[in-house]
Amino acid sequence: MAPRSIQITACIAVSAFVFLPIIFVWREATHSTSFGSPEWSALRFTIKQAFFSAFLSVILAVPLARALARTEFRGRNLVVMLLGAPFILPVIVAVLGLIAVFGQNGVLNGILMFLGLGKISIYGFQGVLLAHVFFNLPLATRMLLFGWQSLPNERIRLGQSLGFGAWPRFRFIEFPMLCKIAPSAFAIIFVICLSSFAVALTLGGGPKSTTIELAIYQAIRFDFDFAAAALLGLMQLTLSMTAALTALSFAQNDVMGLGLDRPFVAVSRCLGESMLDFVVILFFVGFLFLPLLLLLVQGASGIWDLPGSVWSAALRSILIALGATGICLVVALPLATRVGELVATLGIAVSPLVLGTGLFLIVRPYVNPFDIAVIVTLCVNALMSLPFVLRILRPEVETTQRNFANLSEALRLGPWAKLRWVLLPRLKRPIGFAAGLTAALSMGDLGVIALFGVAEKATLPLKLYQLMGSYRMDEAASAAILLLCISVGLFWIFEKWGQWYA
Amino acid sequence: MLEISNLMATNRDFTLLVDLPPLEPAIYALIGPSGGGKSTLLALLAGFQKLSSGQILWSKRNISNDPPAKRPIAILFQENNLFPHLSVERNVALALTTQKNLSPQQKQTINNALDRVGLAKHAAKKPSALSGGQQSRAALARVLLQDKPILLLDEPFSALGPALKQDMLDLVSEIAAEKQTTVIMVTHDVLDAKRIAIKTIFMHTGFVEPPKETAALFSSPSELLSAYLGKT
Amino acid sequence: MAFSDTDVLTVYAPDYFASEWGPGPSIEAAFEKECDCDLQFETGDVLARIILEGSRTYADVVIGLNTDVTKKARETDLFAPHGQDYSKLTLPINWTDDVFLPFNYSHTAFIYNAEKLSNAPASFEELVSSKEKFSLVIQDPRSSISGLALILWIKAVYGDRAESAWEKLAPKILTVTRGWSESYGLFTEGEADMVLSYTTSPAYHIVAEGDRTKKALIFPEGHYLMMELAAKLEGTDNPELADDFLAFILTDTFQNLIPTGNWSLPAALPKSEWPKDFKELPLPSKVLFYSEDEAASLRDEAIEEWRRALSK
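Protein chains in written order, with the working numbering: chain L, 64 to 565; chain B, -15 to 216; chain D, 772 to 1083.
None of these hints come from the bench; they were simulated from the model. Backbone N, C-alpha and C define an ideal beta-carbon position, used for all residues, glycine too. Check before you lean on any hint, since a few could be wrong.
To be verified - Some chain B residues close to chain L (C-beta under 10 Å, calculated; not the full set):
| id | residue |
| --- | --- |
| 1 | Y12 |
| 2 | E63 |
| 3 | N64 |
| 4 | P68 |
| 5 | H69 |
| 6 | R74 |
Said to hold, decoys possible - Here are some of the chain B residues that sit facing chain L, going by a computed Cβ distance under 8 Å:
| id | residue |
| --- | --- |
| 7 | A30 |
| 8 | F32 |
| 9 | P52 |
| 10 | A53 |
| 11 | P56 |
| 12 | I59 |
| 13 | F61 |
| 14 | N65 |
| 15 | F67 |
| 16 | L78 |
| 17 | A79 |
| 18 | T82 |
Claimed, not checked - 20 Å max Cα-Cα, derived PhoX-like pairs, lysine-lysine:
| id | chain 1 | residue 1 | chain 2 | residue 2 |
| --- | --- | --- | --- | --- |
| 19 | L | K271 | D | K902 |
| 20 | B | K132 | B | K110 |
| 21 | D | K1057 | D | K1042 |
| 22 | D | K1083 | D | K904 |
| 23 | D | K887 | L | K182 |
| 24 | L | K271 | D | K1042 |
| 25 | D | K1083 | L | K111 |
| 26 | B | K91 | B | K110 |
| 27 | L | K559 | L | K491 |
| 28 | L | K271 | D | K943 |
| 29 | D | K943 | L | K182 |
| 30 | L | K182 | D | K902 |
| 31 | D | K904 | L | K182 |
| 32 | D | K904 | D | K887 |
| 33 | D | K902 | D | K939 |
| 34 | B | K132 | B | K109 |
| 35 | L | K243 | B | K110 |
| 36 | D | K1083 | D | K939 |
| 37 | B | K132 | B | K44 |
| 38 | L | K491 | L | K481 |
With the rest of the complex left out, here is chain L:
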């Protein structure tokens, strides 16, 4: 696609943006460091929770994706669209929602108490898993749903004409498809959960649930031990990249959930199966949307009473999100190759804390970091979305390349003409989806403010923390709803734009 020189430049730029900061943090180190038992147990816990979170997310996504793939009902497209919502939620908002449902005083415990069944606790390992499944089940579902929808029509019909029941249908048609898609879904979610920080810290219950990211936080903010921070950061990076490499080697040209509104293939099911599908959809829709719904009910009325500064922070966040989306897409297009996608994966593999510290050290001799906080936030947000954007774009770019390379060649289209007349129009849908995802993810991100700081230039998530930090919990809940609405709204607008005449 892009000329080779641009591809290489993009790869180098992204790698440098990730590795230079780590090197700079390393250079700050005044002494050598080594790992003790707390670090090793943090490593073990990090891997353990990521493994089980990914495993559960994928396993649970199987019945949901299957039910969605073969049930037609009103609002199905809406449900599929909203499936994106938990994934793009800021952690703090999601945790509040989960607590409203599963907490000590939550709806679920209310029902259990009423039935005399005792209480369940969301705190501890189960809480970390619950939250991670809440975030990532929708992602897994979208990937698997795509798998179901890409099953050749003939194969389903062949099964029907051979009289396959539920089990043979699973064994001969669905299982082989799952074997292709589930491992890459698992690996992607595994990588995402490796860098989880806030979830484990709020719901984890205690020091048993210490992740590597917390150890990095402690090293930088409390111990000022930069050697340890750099080493831990590298360890996390290596771990994530290994998992990502595995993911990519499994990854077929399956997309993160595109093509979801393709014509629907009716599958004949017996009544029992239809009922089961219905129950499955109802159950998971409840699990994914009830927390959000409760938050809305609690906080929505307060939105209009939020002070003007929160609204201007919201506007600022939207602008930052749009800027990050622009940067991300421009960088993503030339990276849409196998190597490029691998490089982009650095975006979720790198520790944001190490990245922020390193960037601070790099720019500090030349400018006041305070003055460029917004630009740095833009770039970091763009970087963090890059892996997801490429997972969406790359297969589509490659398909378009394959299908139209000869024709473009024959027409002697130059790189820019090709971009303008072939690639961009063909890619409108995936670009819309990718842009929506980036914008929404950037909305909720706190970026690198720990060191760069922004007082009058606070973003919405920061305002939310400021409200919480000054005892204003109700206003914080309303700000969280505002954040939720804007994130989902941006996602929705971009995705719709992509589908428009596409």
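Following the hints, complete the assembly by docking chains B and D onto the known chain L.
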């Protein structure tokens, strides 16, 4: 005898109407322009798509509401007739059972069918290890075991070279004659029709002309048919 | 910035301090009225930033350091003596540090809802060994200042028996959060009976919400003292302005902004001049505090005890 009377089905923007005289066991070619409803008709017959009205009778029995597997019908698609992850033997075996273990008797039956299509030596291979012609044969072997009195062919051989395609058509023709099968074959190629179809049905956006003797049909084509065939 | 010759005083402060809901904006306005200068807050992770910047720092003054980090901060050799008269201080302990100047204080305490919890424990020992199924939310000492203060508090009360106190406390701990905000949010959501916070926390609910149900448990064993401090940078371009600001910190104007701005107690204002609601707050009669050297020598061991006890 297959009776298709007042069949109606609606797809998004077009309605298909089919009413044919009873079809005796024979090979029928189904020709007509793309988007004319040929594949839809096959899907209706096979039971993949619901009828809006009308009925399909086989030996005077109404099969319109039977699920696909209960109909006396086997079908071959243009592609994806075999499961790529299963061996040829297992693919063929699916006509008999979905159980893992095959009885010696079943093995024998499968072997006979593979032998009949000339694939006995390739039983253990995966479809990807076979040539296009061999893949068609494997699918045909399964159809043999399904042992249905009606066979629908949705251009399954269109990707094969002329010689291979002729072989396959002849094989279908032989089998159909042996078993007294009613075959309905969608094709774009007049030569296919002329080679094995006794009668040909011409289908034109949404409606159908009754079957005519193939030779007679092509020697004095109607205006619509000439337009479809172009200058010869 | 209308007058280019206006002196700019750059003050590094934590984000909460300079936010519109913190005391920062009114302090800025009050000081600018007196100094004919431009006070600019730069927010973020104060000490980490100073350490990374070294002698090239832009800061003239830092405000909002905690007693837990003064040792690290002192070791950088970047700070200059404040030169202020500490006899004005009204702290519950004797403070004689010439570099770090306290401007507010509070004590660690567990906050509970008096409407929901009728049998609140009367002492730390009662809380620790009670058979009641109290649920507590605390903060992680590895990521939070108040969390660190809690382990020092328990160390001060229990000494060598701290680990066994933690073991007894462990089943009552609902969860450990990264920072104070998450904990307090869980508490106000009704998730836990008690939250680790400050003796001054009830004042917010009383003053801002008229809610008198949130109370601090006052223990006879004593409460750990927490102070926030300010200091002048050695390399400041504006030493006089910086001194003026440090002096301003000890004035009544500044001190009066602390209670309802920072929801803590002023460090240099006699109790008789506190706002009424603060005067009425129940405060501990015994105050526990480790000097920075003591705290530094205890810290790693205390964290490790906490980690072991809660990992079981």
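Self-check item: Which numbered hints fail
Solution: Numbers 1, 11, 19, 20, 24 and 34 - these are the hints that the structure violates, sorted from lowest upward.
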